[in-house]
Amino acid sequence: MTDPQRVQPPGTLKHWALELRGLIKRFERPAVDGLDLTVRAGEFYALLGPNGAGKTTTLKMVVGLLRPDAGSISVLGIDALADPVAAKRIMAWISDEPMIYDKLTPFEYLEFVAGLWAVDAGIAERRARELLAWLGLEAHAHERCEGFSKGMRQKVALAGALVHDPQLIILDEPLTGLDAASARQVKTVLRERVSAGGAVIMTTHILEVAERMADRIGVIAGGRLIANGTLEELRAQAGKRTTSLEDAFLTLVAGEAAAA
Amino acid sequence: MNQPGTLTWFARHECRLAWRDWLAMMTAGRRRRLSTVFAALIVFAAGIHGLAYAVVGRFAERGIHPDKAALVIITSSLLLFWSLLMSQAMESVTRAFYARSDLDLILTSPAAARRVFAVRIATMALSIVAMALLLASPFINMLTALGGTRWLGTYAVVAALGFTAAACAVALTVAMFRTIGPRRTRFVAQVVAAVIGAAFVIGLQVAGILSYGTLSRVEILQSDALEALAPDIGSIVYWPARAVLGEYAALVAVLVVGLALFAGAVLVFSSRFGDHAIAAAGVSHGGERRRATSARFRTSTPAWALRHKEWRLLVRDPWLMSQTLMQILYLAPPALLLWRSFGEGDAVLVLVPVLVMAAGQLAGGLAWLATSGEDAPDLVATAPVSARSLLAAKVEAVMGAIAIVFAPFVTGLAFFSAYHAAVAMIGISVAAASASQVQLWFRHQAKRSHFRRRQISSRMATFAEAFSSIMWAAAAALAAAGTWLAVIPAVIALGILAGARWLSPRQSV
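Quick mapping for you: the protein sequence lines, in order, are chains A and U.
Residue numbers for the first sequence, in this note's numbering: 1 to 260.
Residue numbers for the second sequence, in this note's numbering: 1001 to 1509.
Hint data in this document are derived by calculation from the structure and do not stem from the laboratory.
Being a predicted model, the structure only gives us computed values, none of them experimental.
Fair warning: there could be bad hints in the mix.
With a Cα cut of at most 25 Å, we get these calculated SDA-like pairs of lysine to any residue [said to hold, decoys possible]: (1) A:187 to U:1203; (2) U:1447 to A:187; (3) A:150 to U:1183; (4) U:1447 to U:1321; (5) A:150 to U:1446; (6) U:1068 to U:1239; (7) U:1447 to A:146; (8) A:150 to U:1105; (9) A:150 to U:1314; (10) A:150 to U:1014; (11) A:150 to U:1381; (12) A:150 to A:85; (13) U:1447 to A:97; (14) U:1447 to U:1487; (15) U:1447 to A:96; (16) A:187 to A:33; (17) U:1447 to A:173; (18) U:1447 to A:205; (19) A:150 to A:129; (20) U:1068 to U:1083; (21) U:1447 to U:1463; (22) U:1447 to U:1311; (23) A:187 to U:1378; (24) A:150 to U:1463; (25) A:150 to U:1095; (26) U:1447 to A:177; (27) A:150 to U:1450; (28) U:1068 to U:1183; (29) U:1447 to U:1014; (30) U:1447 to A:66; (31) A:150 to U:1376; (32) A:150 to A:173; (33) U:1447 to A:153; (34) U:1068 to U:1144; (35) A:187 to A:205; (36) U:1447 to A:176; (37) U:1447 to A:143; (38) U:1447 to A:99.
This is chain U alone, in the form it adopts within the complex (with noise of 0.2 Å):
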């Protein structure tokens, strides 16, 4: 029945890599986690359809007309939803075609690569359609449950989006390593895809924040002006958002121009995968050379000579640091808001808590970097300096970092209110510290090229970094405010932190 070699051998055997891969995730490689896991998801399923009916009860029971103004707001939605996919889509892409694994194998195999690549890119979107439909499944429950069954359809809109996104995203990567060649592909390809995932949002902000002087995207998808500028009400943009509101012809018609595009992208690309998966193999490092004749040691401690190192590094690879600057990218719209609302005490309140939050992000990426994303840590740990002495100057490279990219920030509020700015200080250092001492708590050895997959090495440390810095971020706003309401979220914060660390692997630190 399962003949090694046909289509279905290669199909059972890549899902059950695929599910291994999940199931690590999840429980970062422990066994033993899995039935916490998933009464894990469970609570977090239910809290997230408790958010889901926050935001969408009120449509599902009152009805949508399908005016030019829903469909403008639910295309635009949908837009930013396969914004997201695309980017995933591309990460996936892009690492099935550079992360060696079993490629070695599988084209030295006589098995035909055709068919082999062809399950891959299945794969590859069924994974994506998978969490397409998760993150989709508890606002399209709650419409269901108070809207009736006619919201069901979205479903098969949110399937058909995620096999449209890895199509795309597979003829993107394939034009990629055409045109610019196999060695600037990797790179660009994965800045696309970052780029891709942030874009949208980011230009929603800007352009709200030009015509409205508010960071709030609705403001801007609910505006006159765009519904002026968009197309009419009968084009073909707006099937999809047709499909989500119950039209079957749009729904067919949506399913099965997403699959065409699926498949297409299957038949037409999976025979070159395996000639573009050599091309990668082939790719050489090649050694970039530094100028010779005036270098010299300098005299460093060994705490320098860390710090100067991380940065080092980080100013080296441009992978990781238009990963790690990415977040900068989401502080281009407050940055926009506080020049465009200079004098005005509003735009303050909103950047201030912006500020924290983005600090808190960036110093948890750095922080991996530089204590699980370690390359030689035999090296580093048989070196003569105490573990404490280490961290330290670690924690000081990260916290380096911060400042240099926020003191622009502060000094810019500085001019406006010397209170805010002193509150958005201690809220960015508290964020950035906290940030980095939970990776710190959970560091867990990986490569440096791992960096976009770390919350792998633990959940927990992945959402005790968000929630805190959310926390700080709130109480940093509350704050700025001038409320002494302020203390209650950064007790939880302390709360989260002390949970964190007491489920830590690591407490003695």
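Chain A on its own, in the form it takes in the complex (with noise of 0.2 Å):
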């Protein structure tokens, strides 16, 4: 899926794929407050945390929906607050509730999402092409969204997000609703990409998928980020190096709660 043609920006190498220093954000009260994180190219990091603890938050001031009150964010080397335009264009979004166009198949939404990436027109549509293959939308491509389910919404806005072939990929709950196979299919893709040297950053409540195919994982609470490694570094963090993710991860935010 990836294209082998793809430019790398340069010193890509030498950079972090996501890179947040002191990043702050108060709406009432702090959403997130002063996050550090680090994401390298090549990995699939997983933002874990309880409900409120500004993970979409974090994510959307990467993205460009929300505008931090301080703080810095880098996308390959990019100032995403100084050229946003930039770091967009290696970026990809997908959130919990896909938002599509009802009146648009398939096909045309991806054709109108590589008009916005700006992407050439014959690569784009030999990519839309594999994509819905590869997504089993194939005898779908031609039929307006209006009636599909949620899961193919999910793989539509999928598709639309590999389409402009991006470099980081952030999710928001992207198994929400999903049946198991379709899961499974976007679990694949989103392997690949990081296989491919792309990065991943997904938030999701389902642990067993973070433990299964994150690299590391952060957990984040009160808008802060309390803990921060691979699978091994978290137990030894949440101090239960035989217990599952599940464990571990409830001791870190318990831990958290307790001193706050």
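Grab the two chains, each in its own frame, and use the hints to assemble them into the complex.
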């Protein structure tokens, strides 16, 4: 699915795929409170946290849907706050509630997304056809999306995110509402992107997914990163070497709540 | 006293929802604005009473003799008012069927669905009656103050009209459900509602043009020809008009008929309302298949992709198309006037402001769809395109649609007078750009299906859009007449826009 001719931005290897420093966002209260976070290229990073921890707010600031009150965001060396258009060019965002156009077909939706990202029509069409086939949407490629199930809509949104060949994919609860087969397809697609050198950041409440797929896991609570590392490192931080991610996660969050 | 599951308990629940819906509509969801809204309403009510005095003052002071001419005019006015209420009532009934909100909860609860829907139909009717009374009250108040308390009976006539409209709307929508099915009813009912609201006005204008060569509706209503065609003075058709003029027997009859129709609708239809709501919920949208083999991606820029998407979505949604282009229906009489009066200067003077006004209103609706009604805001906001370029592309989409709609009119005008065509073109462009800009300043994310309720997001945007269009239309009319006085409404329009920008939450755009 990844275009072998894709041109890597200069200095990619020298930079983090994503680097957040001192990120702050306040609404009624601090939603994100001085967050530092780094993700490497070719890494699958899972961001975990209880409801209201600041996961979605953090990711929305990264993709430009929210403006931080303070801090810096760097995407493959590009200052996303100073040059958001350049940063957006190499990113893709998928939310838990797929927002697509009911009156467009998947094929037309992908044509629109390719147009927004100014992808060459020939390349975009080839990618679109591959993605639609791979995600099992080929038979529905020319039907309007208005009758689609949530799983199908999520797949269309995923195809839209991949059609411009992003180097950093950010997903907010992408597996919510998907059946087992669809969830597996999505996970396979994401793993392949990581193998090809892309970076994936995903929030999820399904800890088994994070446990199986993520190279590193971050735990966020109260707007701050309270734990970060591989599964083994997280277990060590939780002080429970032999337990599951679920136990480690609950221990870490409970400890943070008690400290607060 | 208020046992759960009883009629009064459901009524209390429905009234609370209706009140909060109204509050949200007036305050755009910000409770802090409540005092400002009430102050604005008082000022507005005072202004409307002044307008009402100008319209009905002389009749109240002079008195109206119930001859055939007077009865025809009053009956026609009541019919016009009723058509507007009917349009609103059909919209409410359709929304009750198709907007899911709490229907799942109600239909899965052990409460008697018949009872719940009886209360729901009653609440809809009461909201229609309340709206009717609010609209009519300035005129009735002025008539009562100047002409005596006998005019107070008009309140009862208006309430009866509201109840009748609600009953007819329920009956008509249910009849559609049974004949054309739930899939088509949604679209057809909403189009019918809009057409009912417009048809009577347009019909009177067309008749006026064909008979007298004028857009004025009053001319045709006061004509001898209509009076000759109208039923005899003793006809039952005139009872509502007689009730307005203070005849107590007619008043009682009108009120009884209105309430009886409404009670009948509740009794007959409340038991099946739940079934129809379930049928509506089961409507599959069934994705329409497009041609597959020849489809190819076209090389495009982000701006082209955005413009093309906006036009494609509009063309593919017949309901939205009908709603946005409904304003074009109002252009039918001016078009007829242009055709009938080709070569006559007066007709052009009437046409230019009508075109400008229509362009402003149409552009406002289209701009709302393109900005507030964006279905995938996250996708567009995360695209590598600057916010300014995004907005520019969307404004281009709106202005392109305006150009397509109004170009034939301006071309027609140009055959008669190049000067007036130029005035119309400039006026159309400026009014459309102003209305679009207002929608950009006040944009507020919403579903496209909420198009008809777009005013909820901001009363200020609605007023600014309407009054700027009116002022640009006035400026165009004066410019078409060749007077420099055109500058005055133009300056007022700019002032309205400046005020809207100052009050808008997005002053940076």
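Checked hints:
1. Restraint check for residue 187 of chain A and residue 1203 of chain U: the C-alpha separation of about 61 Å exceeds 25 Å, so the hint is violated.
2. A C-alpha spacing of about 31 Å is found between residue 1447 of chain U and residue 187 of chain A, which places the hinted pair above 25 Å, so the restraint is violated.
3. Only pairs whose Cα atoms come within 25 Å are accepted, and residue 150 of chain A paired with residue 1183 of chain U is accepted, the gap being roughly 21 Å.
4. Of the pairs offered as hints, the one joining residue 1447 of chain U and residue 1321 of chain U holds, with about 15 Å between alpha carbons and a cut-off of 25 Å not exceeded.
5. Proximity of residue 150 of chain A to residue 1446 of chain U is assessed by CA-CA distance (about 20 Å); at most 25 Å being required, the pair is judged to hold.
6. Restraint check for residue 1068 of chain U and residue 1239 of chain U: satisfied, since their Cα atoms lie roughly 12 Å apart, inside the 25 Å limit.
7. Taking the CA atoms of residue 1447 of chain U and residue 146 of chain A, the gap is about 14 Å. The hint holds against a cut of 25 Å.
8. For the given pair, residue 150 of chain A sits about 22 Å from residue 1105 of chain U by alpha-carbon distance, which is consistent with the 25 Å threshold.
9. For the given pair, residue 150 of chain A sits about 24 Å from residue 1314 of chain U by alpha-carbon distance, which is consistent with the 25 Å threshold.
10. A C-alpha spacing of about 32 Å is found between residue 150 of chain A and residue 1014 of chain U, which places the hinted pair above 25 Å, so the restraint is violated.
11. As the CA atoms of residue 150 of chain A and residue 1381 of chain U are separated by approximately 22 Å, the hinted pair is consistent with the 25 Å bound.
12. The hinted pair formed by residue 150 of chain A and residue 85 of chain A fails the criterion: a straight-line CA distance of about 30 Å is larger than 25 Å.
13. Proximity of residue 1447 of chain U to residue 97 of chain A is assessed by CA-CA distance (about 14 Å); at most 25 Å being required, the pair is judged to hold.
14. Our distance criterion of 25 Å between C-alpha atoms is broken by residue 1447 of chain U and residue 1487 of chain U, whose separation comes to about 39 Å.
15. The hinted pair formed by residue 1447 of chain U and residue 96 of chain A meets the criterion: a straight-line CA distance of about 18 Å does not exceed 25 Å.
16. Restraint check: the Cα-Cα separation between residue 187 of chain A and residue 33 of chain A comes to about 31 Å, which exceeds 25 Å; the hinted pair is violated.
17. Distance restraint check for residue 1447 of chain U and residue 173 of chain A: the Cα-Cα separation of roughly 23 Å lies within the 25 Å cut-off, and the hinted pair is therefore satisfied.
18. Restraint check for residue 1447 of chain U and residue 205 of chain A: the C-alpha separation of about 28 Å exceeds 25 Å, so the hint is violated.
19. For the proposed pair residue 150 of chain A and residue 129 of chain A, the alpha carbon gap of about 21 Å is at most 25 Å, so the pair holds.
20. With a C-alpha separation of about 22 Å, the suggested pair residue 1068 of chain U and residue 1083 of chain U falls inside the 25 Å cut-off, and the hint holds.
21. Taken as a hint, the residue 1447 of chain U and residue 1463 of chain U pair is honoured in the structure, with Cα atoms around 21 Å apart against an allowance of 25 Å.
22. Taking the CA atoms of residue 1447 of chain U and residue 1311 of chain U, the gap is about 17 Å. The hint holds against a cut of 25 Å.
23. As the CA atoms of residue 187 of chain A and residue 1378 of chain U are separated by approximately 22 Å, the hinted pair is consistent with the 25 Å bound.
24. For the suggested pair residue 150 of chain A and residue 1463 of chain U, the alpha carbons sit about 39 Å apart, so the restraint of at most 25 Å is broken.
25. Of the pairs offered as hints, the one joining residue 150 of chain A and residue 1095 of chain U holds, with about 24 Å between alpha carbons and a cut-off of 25 Å not exceeded.
26. Between residue 1447 of chain U and residue 177 of chain A the alpha-carbon distance is near 22 Å, which keeps this suggested pair within the 25 Å criterion.
27. For a cut-off of 25 Å, the pair hint linking residue 150 of chain A to residue 1450 of chain U stands: about 22 Å separates their Cα positions.
28. Distance hint between residue 1068 of chain U and residue 1183 of chain U is unfulfilled; the C-alpha atoms sit about 45 Å from each other, more than 25 Å.
29. For a cut-off of 25 Å, the pair hint linking residue 1447 of chain U to residue 1014 of chain U stands: about 24 Å separates their Cα positions.
30. For the hint linking residue 1447 of chain U to residue 66 of chain A, the alpha-carbon distance of about 21 Å falls within 25 Å, and the restraint holds.
31. Annotation: proposed proximity of residue 150 of chain A to residue 1376 of chain U holds, straight-line Cα distance about 15 Å (limit 25 Å).
32. A distance of roughly 13 Å separates the Cα atoms of residue 150 of chain A and residue 173 of chain A; the hinted pair therefore holds under the 25 Å criterion.
33. For a cut-off of 25 Å, the pair hint linking residue 1447 of chain U to residue 153 of chain A stands: about 17 Å separates their Cα positions.
34. Between residue 1068 of chain U and residue 1144 of chain U the CA atoms are separated by roughly 23 Å; this keeps the pair inside 25 Å, and the hint holds.
35. Our distance criterion of 25 Å between C-alpha atoms is met by residue 187 of chain A and residue 205 of chain A, whose separation comes to about 15 Å.
36. Taking the CA atoms of residue 1447 of chain U and residue 176 of chain A, the gap is near 22 Å; set against the 25 Å cutoff, the hint holds.
37. Restraint check for residue 1447 of chain U and residue 143 of chain A: satisfied, since their Cα atoms lie roughly 21 Å apart, inside the 25 Å limit.
38. Of the supplied pair hints, the one linking residue 1447 of chain U and residue 99 of chain A holds, its CA atoms being roughly 11 Å apart against a limit of 25 Å.
Of the numbered hints given earlier, the model fails hints 1, 2, 10, 12, 14, 16, 18, 24 and 28; all others are met.
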